[in-house]
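Visitor: Next come the chains, spelled out residue by residue.
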Amino acid sequence: MNAIDNKWIGRRTIRPDGADKVTGRAGYAADNSMPGMIWGKVLRSPHPHAMIRGINTARAEALPGVKAVVTAKDIVDFPLDKSVMLGIQDMRWMCRNVMAREKALFHGHPVAAVAATTEEIAAEACKLIEVEYEVLPHVIEIEDAIMADAPILHDFLRHEGKPSNIAATMVNKLGDVDAGFAEADIIIERSFKTRPVHQGYIEPHACTVSCTADGKATIWSSSQGQFMVRAMTSLLTGIPQSNIRAIPAEIGGGFGAKTIIYLEPLAVLLSKKSGRPVKMVMSREEVFRGTGPTSGSMSTVKIGAKKDGTIVAAQGTFYLQAGGLPGSPLRGPVGCSFAPYDIPNVLSVGYDVVSNRSKVAAYRAPGAPLGAYATECVMDELAEALKIDPLELRLKNTARPGTKAAYGVVFGSITFEDTVKAIRNHPHYSAPLDRAPAKGVVRGRGVASGFWFNAAGESSAQVNITEDGNVTVTTGHPDVGGSRASIANVTAELLGIEHKRISVLIGDTASIGFSNLTGGSRVTFASAMVVTQSTEKVIGQLKERAARIWKIDPEAVVWSDGAARPAGANAGQFPPLTLKDLAAKANEMGGPIGAGIQLTTVGADPGFATHVVGVEVDVELGIVRVLRYTAAQDVGRALHPDYVEGQIQGGVVQGIGWALAEEYLFDKQGRLDNASFLDYRMPVCSDVPMIEPVVLEIPNPKHPQGVRGAGEAPIVPPLAAISNAVHDALGKRFYSLPMSPPKVLAALDG
Amino acid sequence: MTDIRYLAPRTLDEAVGAFAASQGAARILAGGTDLLVQMRNGAVRPGTIIDIKKITELTSIEEAADGGFRIGAAVSGAALAEHPRFGRVWPGVLEAVNLIGSTQVQGRASPGGNLCNASPAGDSVPALVAAGAVVTVQGPKGRRQVAVEAVPAGPGRTNLGPGEIVVSFTLPPRPEGSGDAYLRMTPRTEMDIAVVGVGVSLTLRDGVVAAARVGLGAVAPTVLLVADAARALIGSRLDEAAVHAAAAACRAACNPIDDKRGTIAYRTRVAGVLLQRAVAIAAERAGRV
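Respectively, the protein sequence lines represent chains A and B.
By the count of the working numbering, the first sequence reaches residue 750 at its end, each step adding exactly one.
By the count of the working numbering, the second sequence reaches residue 289 at its end, each step adding exactly one.
Same shape as in the complex, but just chain B (with noise of 0.2 Å):
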């Protein structure tokens, strides 16, 4: 019954131009697999619908000269698999990239999608964030970089300005010996949403931690980087004492909700075994003996 304009620009700008001129009336459509099921179910009703995918920019994987990648927002997961190098230097990531939704899903959904969602539970964000992403934002006061944990703002809501488009993701050259994991629990193996989801992210030099990051999802109103965690982990061997001590540091950010999806303890519980984890899983990919 409502008349809704579905403008496909071939660039970016064309695309900024048209969403700051909505006023707030248009959404962005990457792969739809969260818009279009807000749109049935009524919880979104755009007057315009701005879809992304013709734009190259936002549809490309380049690997740099450094060994850095630059991903388009609307890339779907499907496309990121594909790509003979990404998922060698980046497992994290992309495993949990391909953790949205079925096959069908990977089709279309993309990390760009799944971060402006900005559900505290989408599972490409913690590992976003472990990884040291850096999101490129495209508005009518032009181009701006931003660290991905700073996009989120709460449940359903980020920090971009008016008109703007989340454009790439930077992440950096890995050194040698890195490593990243990605793991949600989850009580179904397959179709479910994560209860708790931890990204870690290693870079280990003789047996030491060198680098660290480790990103927390579904336990805060919005994905958290868990500074005091990489803390407890940079300079050990990851040693016991270190893995736990980075463990407590989960559980204590974690602020999380009781819901039909986990109670307060279980996620908090949960968080610190998640921790463990995957830093023995990024470890090993790492490269430690």
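Here chain A stands alone, though its shape is the one from the complex (with noise of 0.2 Å):
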């Protein structure tokens, strides 16, 4: 399977979903529509904090046209005292989240939702609900929330034994910091603030939702897992999840945020209530309002080397907002920050700070780029000040198999330093720097390195034989990032006929078996793996019917090139039977052919990437330009080259952004200001040159192809790259995010 003479795998075919999404036929969430339906509207709280008194729905149901209204009471409770976890989401924080249900802790937090026969109806009745607020003080930056005078979000929030918008602490450990900062020649500390940034996914959210009278649901949605819909939705609506059929649209991107839902418990309840299907689709100024974004964060990060460049000691310390509930991404960059180096004490620790901001989402190898930032920075002025190449000093502390990091585990078969060397020995890395091309303008070139946990877990899959010898294949996944493709490929290799005679499907929660989200670079791994064992099977079928045929022993018969053949001449004489001519005589010879596998899967070592870039600041209107682009990556085995080029590349983009543009604004009365992509400012194709991927494949041993997790390390290390760079073009570092124009030109003219 992991032979360079792969037939399919390693091909750049036609993704099966590649014809519908480029003539505008694919089915997102918004496109779907129901005989009867009516329209679902949310309303959302002005005010960014404030008590919630009453809510008074009597005028808005009078409407003429209104159907249904829902408020928190109509959604289960978790009471604050009891954590109810569905994976990493605490249930108390979810069923807050949809509805507001004691207070409104940010401006667009929902409190009430109406369905009407037109969409016009349901906005007007939006505005007829009477809410009776007691505005609070608001808070919505770090260091105002964790003042000792903040307004607290959350009575039953303590933090040391005091009231606190510091919901939790997470430490990682490893060896004796202060002793190892004893030994250090020299130590680096620094401090850093970088500001949330929304997932920026085109397809705002939306769902359509049918109850029957007879209690069941089925919800259309896009989402990054529809288990996780059904799961949630049963839980925040009470009804079983046997009763709850969630059906998968086409996802419009998710990059981390549809691995929770918002709409689907109301457009449940308003349907189950009006007994009609119910349609619910954000605007684009609810999806920055009310959903996501990654947290903001303030890091301080402290590393202490000894003068020939081995690191003895670091520190890290982690802010990141949490927006109105908590649950920040501590774990990324408390365990992210410091992993690819081998270091012998480290001490990690990130506090998630609530505030009034919505509430944050999962982003892309969620909160490792924050720490990476930090620690990027400080090791790029740790080479500087030891004069070392910053790729060398990379080098000499690599994490190696055998290195145990500071989140606890030994590191297996990781591959850190070859991603470090191909960017080292990268025409790029040794390319000519013209540093000052032309009057004002001024160039850099800048490294950074990261690291994501990549993941493993529930997935399940069937591979079906049709009755014309062809392929289904079914997976429980979203395809977010080309999965059909790579999986198209997988089967076509393992059965040996062309790639366009399997069909790939994603399956709704009622068609096959459990499979966890999308998420965490882990569904190329695991559907790889439950698909190899489904056609595997599939084969073992084959070659068995095959063997009844012929009446030889089924151990007597291989497999290959798409048709069964005797294993040796001992076997006897036969003529190969293709995949056709075993299922033109399945019924005679044994029933339908088809196999699945439903599996925990394990393996998924983490991945690391290693980027070089190279800027351009003009510095009298202080942009900052990306003129180059090249990062490494192992990725084990690249099934769909496209789609990993295609990972690599948004990550890297995505992390420019982050970088450069990108940045939540909040008014006096704590209103977020550019809740639109004109004034929340992505980058555009025009901003970003093309982003050069150096693809390692280094094939993962505990997988059947070698596959490691591709989709979340390259957004780690552009922050700090970039920052890095822009050191490089004008000899001054920025210790905050984003380097815009009117920051730079600051700092130049200060």
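Everything labelled a hint here was simulated from the structure, so no lab data went into it.
Glycine included, every Cβ here is placed at the ideal spot set by N, Cα and C.
Reference excerpt, derived from the structure (chain B facing chain A, CB under 8 Å, subset only): (1) Met185; (2) Pro187; (3) Ile193; (4) Lys260; (5) Arg261; (6) Tyr266; (7) Arg269.
Hints in hand, dock the two standalone chains.
Guide: The structure is reproduced here in structure tokens:
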């Protein structure tokens, strides 16, 4: 399977969902409609922080055309004193996030939902709902939220015995950092800030729900996991999972943010009350105000080294914004920041800080870019101070198989140093740099590395041979990054047939076994594993059929090039039996051919990436442009190179936006001031160069095809790589993001 | 839920009549790239929409015998770009008009709409101010002509009277040795809105600036004609001192706000930088060697 002479694995086959997507036929969540369908709308809090003293929905309900109104009292309550977890989500927070319960915690927090015969009537009805608010002082930024006199969001949260906005603490520890720093010849300690950034998926959240009179609910929605939709909706509505069928739509981007739900439970309750199918679609403004983003952060990283560059101790303190309810991705910076390096003494501490902004959602390698930003910028300063090439400093301290990471594992077959060497040996790294190509223009180059855990977990697959001798493969994973194309390649390789004869489908919750979320860089890893095992079972069946036809022992049959063949001369002389031949005889020879596997997969070794970037700064306007970007990453095996490269390029582009342009801006009233793509400045195509992926394929020994997760590691290094390149260009370091033009110009003046 | 009347008159008189009769409840529709967005987000709820694209005078481009141009207010950016002569005579104006929105939006968006939307950041306006464009306006009391910079009154407001419609822009004949340019600063390379915009028009005679006009956008409630910057350039050979003086005049003219798109300090500083860069381009187009 890892052989270089693979026929399908590693080929750039046409993606199965491609034609539908480029011709506009693909069915996204908002494309669905049903007879008798009505429209749901959400009423959102106009205050960033307020007690809800009462809600009167009578006038809204009396408006002609209104069919149902729901508020928090319709949603299952998860009391504050008892945690109920679904995966990494605490349902106490989820039930309060989909609908404000005791208080509104951010501007845009849902307080009620209405369903009516038209969108306009539903919007009108929202205005007729009377909410009695007791407005409270609000707090937005971390530095304000952790002050002793800050407005406290939640009375039940305690930090060091006192009411606090610090909801949780996470500590990773290795060795003794004090002793480590005492040995150091040089110590560099710096503090950094980043702003919250949104995942920026093009498709807003949307769903259509139909509840029938017998209590069954069908949900069509866009998510990163139809089983998550089912489970979370079940918990929030009280409908058993067996009575909910969640059908995944094509997804127009998720990047982690669609691993939780917002609209589905509201639509279920509205449909249940009204007896009509209900459709809900968020506006872009609602997406910005009410969903995502990932955390903003305040970090301090301290690294101590010997004169020769050997790192002896590292310490990180990371404050992350959680939004109005607890749950920031502490594990990202705490666990990932120092993981690329073999450091004997590490102390990495994270604090989860609530404030009056929308609850954060997962975003590509959740939290890891924040930590790597701080660590990799300090590494750059350390290399500069020690006069060591920054890549050599990384190689000197590289984690290797057997290194113990501060987050607890002893690494298996990791390949960090290969990524560093790939960049060191790449022509980009040694290309001459014209530092001042024109008046007012300077250029620089920077490097950084990054780590992501990767993930395995539950997946299911079913492989069926059709009566005409072709193949359907069904998995339980929404396809966010080309996983169907990769699975088609794997199945074609195993069966030895044209990949076009294989249809890869995504099953709904009623048609395929439980499959965990598409996230964590796990889907290609896990689904290739269960599809491989299912296909191998099918091949076993096919060989048995051929053996029966030939009246020989099944072990005397081999499967190659799409047909059963006698294993050798001793097995007898028979013409090969192809898939089509065997399918045609299926009924008479034992019935339908097909097999499925449901498995908790293991063996997802972590991912590492090293990047080099060239930037140009217009020193009169403060504009930083990325001119060249090269990203090296070990992906184990690129089942379909286009989608591996796409993941690397996509992660880098999102990192460029994070470093240079994107940020949530709040006004004095605590309202998000840039809730649109015009003013939330994600990069557009013309802002970025063609990003060159350097795809290393060092097979993961724990996977049948050698796959290693690829989607998340590439967003980890860019923040620091670009910062380091800007320093190289200007001789000036920035300690906060984004490096937007006004900030750059002010720094140059100041 | 609200009924909207849609009218598409064939003559200007009919359009003015309907507009005046609506007593403020109507909105003029040219390309609709601002109006429809404002209607969808609830910012405006017109009772009547008067589409002016069926009126020939508003959708035609004419080059006069003396070399001047008359551009209908509803001419789209794409139509202006396709005109065989306009972009050669007024490259800066064309660049500015073509910066409004994406390729798709260019098929609809017009300089008249851009002016009447009265955003201080409208891209075509500083270039038209620099070009010395004169606007023909028709209303219930007849026709009048007004300098382009006199139309905006503040963000989202114009000095047009009740029932008045912008008909066309007249650009003066271009003497030998003339060139214009428009530059804007946006954080993104595309799909963005000007943080500062500068239009410059120059006429050189024997290397000396015989005429100059400077329009400055997104740094004040309305687009500005910066006469002091023009005065600093006129009579000079565009030496460093003259250009610096013009840049200083632009900075002095700035009266911007701090907002999500830029800070006061940044906008002021950048106004001077863009002036210098736009002057260099305009001078090159004017044939400076």
